[in-house]
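Asks: Hey, can you work out the whole structure from these sequences and the hints?
Line order of the protein sequences matches chains A and B. The first sequence begins at 473 in the working numbering and counts up one residue at a time. The second sequence begins at 73 in the working numbering and counts up one residue at a time.
Quick caveat, the hints were computed from the structure, so don't treat them as lab data. Warning: the hint list may mix true and false statements.
Said to hold, decoys possible - One-sided excerpt, in silico: chain B residues whose CB lies under 10 Å from chain A:
(1) D81
(2) T83
(3) V256
(4) L364
(5) Q371
(6) T372
Unchecked claim - For the chain A half of the interface with chain B, some residues (derived, Cβ under 10 Å), not all of them:
(7) D577
(8) D604
(9) P626
For each residue, glycine too, the CB sits at the ideal point set by N, CA and C.
What follows is each chain in one-letter form.
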Amino acid sequence: MTALADALAQAKAENRAALIGYLPVGYPSVDVSIDAMRAMVEGGADIVEVGVPYSDPVMDGPTIQAAAEPAVRAGVNIADALRAVAAVAQTGAAAVVMSYWNPIDRYGVERFAADLAAAGGSGAITPDLVPDEAGPWLAASDTHGLDRIFLVAPSSTDARIVATAAASRGFVYAASTMGVTGVRTAVGSAAEALVKRVKALAPGSPVCVGLGVSNGAQAAEVGAFADGVIVGSALVRCLLDSPDAGGVAAVRDLAADLAAGVRRR
Amino acid sequence: MTAYSATPDATGHFGQFGGRFVPEALIAAIDELTAAFHATQSDPDFVAELQRLLRDYTGRPSPLTDVPKFGEHAGGARVLLKREDLNHTGSHKINNVLGQALLTQRIGKKRVIAETGAGQLGVATATAAALMGLECTVYMGEEDTRRQALNVVRMQLLGATVVPVTTGSRTLKDAINEAMRDWVTNVETTNYVFGTVAGPHPFPLMVREYQRVIGDEARAQVLERVGRLPDVVAACVGGGSNAIGIFTAFVPDAAVRLVGFEAGGEGIDSGRHAATITGGVPGVLHGARSYLLQDEHGQTTESHSISAGLDYPGVGPEHSYLHDIGRAEYRPITDAQAMDAFSLLCRTEGIIPAIESAHALAGAMDLGRELGPDAVILVNLSGRGDKDVETAATYFGLKP
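Replies: Printed below as a string of structure tokens:
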């Protein structure tokens, strides 16, 4: 069992959804981003997604792009992400890498898996890698006992949901709405419908929901039907508004609000 | 022919290249597109309608032009130009766009999006959208909207919305990123008219099949005109659609050399170029594995070319495959070489080529000098240079 699986099991035992927070490593700097990840855990995040900034983030909206672009220009890379993973793991929270495929491909799939496991990471989320193309990653993640989290979307067919859930380990990432990352005022009914479909088609697979959640109330709403609530852009926004200790404190406060949300009944 | 036509495999791989590296949210749409594409390829009504449009609207077949005065500067070789510049809208892009626009109608979607670099694909897509009553949005890097201002106005005249893209390097690759974001968000109503033989399966296959008319026509025209096959077929390569279009018919002709000319920019050693196969390594960008200009961390590096249409850090996966199996060669041509050839064709033959196509002309000059006067060189003149007049005026220091 990875730390991620433990965290999901622990939340389930507490009859609540897990809180999963995303931040890209390297914005506003590698050190401050790591401070913010630790603050997220202090605020109550169970799992941290350590984002790898990438030059061509086709799944990301303006908020995450705005943080990733300067990080890419500064040369932030997988090695920095692994340093962040190690820092998060030391807090006792679970860490997973969230990366577009090419940085991992370039680093070397087997080398990435070995180094991620050595850093104490639980696995990786790969938003532009579908299981159909994931042969080397399936093998490397097996070798090193890592989770591999693939995405399903409202447009996914039943057959693809079954196959994606079967290839996934850790949880299945349900992209709640069609579209790119970003804060949304309403999470929408598509998310709940999608989670129900996954649970019916792949019983026993934890399903966590991402894209759009920004506050405790929405976290409570999503937490009522999902095994985990994933928050990204709203946390990134804290650092964009205040790329310093104030932003780190804002991340802690938002994480606390979200953590209270997933505990609300 | 059979071995080659068998590529890509059912999952869109050309050897180790190609595939589908896209968000799951798009898989259902590209599965639908793949199925519709295959169904329409064997549907006589669809095929007849596309052929009618290519003939009556585009003006096909495009002519084959002997350019002996230009050939004197190419070692005296016989140079033949396949005149895609004479197509309606001024380039080969219309061949593919009409196919994809008809396909959009067939799958019942009402809106198309496209990315554009030089503006040729954008103009072609806006044209087809106007013809077929589709709503059209074109994403174009802000840098390119300045370089190709005339084409922005043409798209607007045709009723399209042009969105300047201000992220990243503000060129073609970023326009593709923004178009992909639109597509992920609006995939239920929208079809992405991808402009080149790159992107996720089925685009490399589909665009090839819509562009292969260039080589199918040219092969017959050369045989009729010269009485034999050409020694070399030359084309410029950015994403690579005009090159695949003219190469495909000749791939089974083992004696015919296929040479793609990449944008060497200010020279490969300068680092400011867009010669993906010459200067790149395999990686994943925009949905497929192919050669790619990237740094040691897997970040795409910014490309450079005087030609907006070649200014792209990726290349279609089939070109990577043809390179790796040794069936085609890829060479860089610098900005300066391309502009010399551009000027030469204007003055010797009265044809103003697109700067993209001038890379193939420069390549043909080198090939002719290597092969001598008995050689027959077929060049894809993929587009006309009207859009490049301002760039050329600046480059040559001309004033109106």
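Asks: Indicate, hint by hint, whether the structure satisfies it.
Replies: Evaluation of the provided hints:
Contact between D81(B) and chain A, as hinted, is not supported at the beta carbon level, the nearest pair being about 12 Å apart and thus beyond 10 Å. The closest approach between the C-beta of T83(B) and any C-beta of chain A is roughly 7 Å, which is under the 10 Å cut-off, so the hint is satisfied. Given hint, V256(B) at the interface with chain A, holds; its Cβ is 6 Å from that chain's nearest Cβ, closer than 10 Å. Contact between L364(B) and chain A, as hinted, is supported at the beta carbon level, the nearest pair being about 8 Å apart and thus within 10 Å.
Look at Q371(B): its Cβ gets to within about 4 Å of chain A, closer than 10 Å, so that hint holds up. Contact between T372(B) and chain A, as hinted, is supported at the beta carbon level, the nearest pair being about 4 Å apart and thus within 10 Å. With a least beta-carbon distance of about 6 Å to chain B, the hint placing D577(A) at the interface is held under the 10 Å criterion. Of the supplied interface hints, the one on D604(A) holds, with its beta-carbon coming within about 7 Å of a beta-carbon of chain B, less than 10 Å.
For P626(A), the interface hint holds, the least distance from its beta-carbon to any beta-carbon of chain B being 8 Å, beneath 10 Å.
Violation of the numbered hints given earlier is confined to hint 1; every other hint is satisfied by the structure.
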